[in-house]
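2 protein chains.
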Amino acid sequence: MSNWFETLEGLHIQVWDTLIQGLVDAGHPARRPTFATVSPDNWPEARTVVLRGSDTEAGIVSVYSDLHSDKIRSLKKNPRAALHIWDPAQALQIRLKTEVTIASGPAVRPLWENIPAQSRQSYGVSPAPGRPIPDALDYIKNAYPDTFAVLHCRIITIDVVHLGDDHRRASYSRSDDWAGKWLSP
Amino acid sequence: MSNWFETLEGLHIQVWDTLIQGLVDAGHPARRPTFATVSPDNWPEARTVVLRGSDTEAGIVSVYSDLHSDKIRSLKKNPRAALHIWDPAQALQIRLKTEVTIASGPAVRPLWENIPAQSRQSYGVSPAPGRPIPDALDYIKNAYPDTFAVLHCRIITIDVVHLGDDHRRASYSRSDDWAGKWLSP
Chain A
2 MSNWFETLEG LHIQVWDTLI QGLVDAGHPA RRPTFATVSP DNWPEARTVV
52 LRGSDTEAGI VSVYSDLHSD KIRSLKKNPR AALHIWDPAQ ALQIRLKTEV
102 TIASGPAVRP LWENIPAQSR QSYGVSPAPG RPIPDALDYI KNAYPDTFAV
152 LHCRIITIDV VHLGDDHRRA SYSRSDDWAG KWLSP
Chain B
2 MSNWFETLEG LHIQVWDTLI QGLVDAGHPA RRPTFATVSP DNWPEARTVV
52 LRGSDTEAGI VSVYSDLHSD KIRSLKKNPR AALHIWDPAQ ALQIRLKTEV
102 TIASGPAVRP LWENIPAQSR QSYGVSPAPG RPIPDALDYI KNAYPDTFAV
152 LHCRIITIDV VHLGDDHRRA SYSRSDDWAG KWLSP
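Taken in sequence, the protein lines are chains A and B. Take 2 as the starting number for the first sequence in our numbering and just add one per residue. Take 2 as the starting number for the second sequence in our numbering and just add one per residue.
Take the hints with a grain of salt, since some may be wrong.
If chains are identical, the list can't say which one is meant, so a pair holds when it fits in one copy or spans any two.
Claimed, not checked - Listed next, the in silico DSSO-like pairs over lysine-lysine satisfying Cα-Cα at most 30 Å (straight line):
no. : residue 1 : residue 2
1   : K77       : K182
2   : K78       : K142
3   : K182      : K142
4   : K142      : K77
Treat the hints as calculated values from the structure; they're not laboratory data.
Generate the whole structure from the sequences, applying the supplied hints.
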């Protein structure tokens, strides 16, 4: 029997198992992917997000955002995001190339209702995220559903690297139904 | 006496202390920043890199790369990188917006000479990184100094978020000699 990292199928399953793990385990590195976008003036940007949804069948992962955050501004110009996870325990790097749809308003109200009251305060800070303030705590957190957004990230390709005794790298594309291929690491 | 995260100066010092920690401690999260670039066809990209140098005075951090990697291709078109570190133990996110200079050849030979023999194999894989291969291990690692590159990342701005009992966010710019200002988180 082979190890999971030795076959294209095994690596692919491990990617999704890891993403599911990120959903259920708040301490898992997959809980906090790095979310990279391109700014309107063409700078790369990266920040931590919290993984909120993972749909294996559809090949979609989801994160939440304040509608006034810089990543929304960037995504409106260039609706693409790269999600990056490095899991030291598995020596596994997962990279997702995604097309992003921004959902807000009534469409995401059911998700909003499911957010614990304290966590809702993350959506609706005033002044808007990234605005200068005179002192560190000169802001107010409001639980404000109108600024709550869900980013549905439709995966185009998955790039995986496993740094074991040997290094293995594979790529999976939506275009060939995730069949996968090996890449030079 | 205030906590380090309560003053602009304290947060700024902590950023650089954390970067230094990443250099000396192989297990520290700052050892492995996420390195985001923009691909030639305008997709965001992100991958793990290893922090190799950190110059507080000059405001420059450095990483190594294979000259044939996709990040080099991207940087030749758009010489900008965002470096991202999330340190769970400190609840600290560090984001560096940088302009990147690619150094290779004789200029970086002294650095190459300092790399342990086994690690040198990371620079010179054949086929080049990211090329399809028939099977997982159908590649050869060569210690090949001609494909060794050093990416000098000149920091333009530092964005820091501390997720304590209160959330604090600050930004520091080269343009005002890193004086710093508070931002809404």
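Worksheet item: Checking K182 and K142: alpha-carbon separation at most 30 Å within a copy, between copies, both or neither?
Response: between (46 Å within a copy, 20 Å between copies)
Fill in: Within, between, both or neither: K142, K77 at alpha-carbon 30 Å
Answer is within: at 24 Å inside a copy they meet the 30 Å cutoff, but 42 Å across does not.
Worksheet item: Given identical chains, is K78 near K142, meaning Cα to Cα at most 30 Å, within a copy, between copies, both, or neither?
Response: Result: close within a single copy only, 27 Å intra versus 40 Å inter.
Worksheet item: Are the CA atoms of K77 and K182 at most 30 Å apart within a copy, between copies, both, or neither?
Response: Between. Shortest inter-copy distance 27 Å satisfies the 30 Å Cα cut-off; intra-copy 32 Å does not.
Checked against the numbered hints given earlier, this structure breaks none of them.
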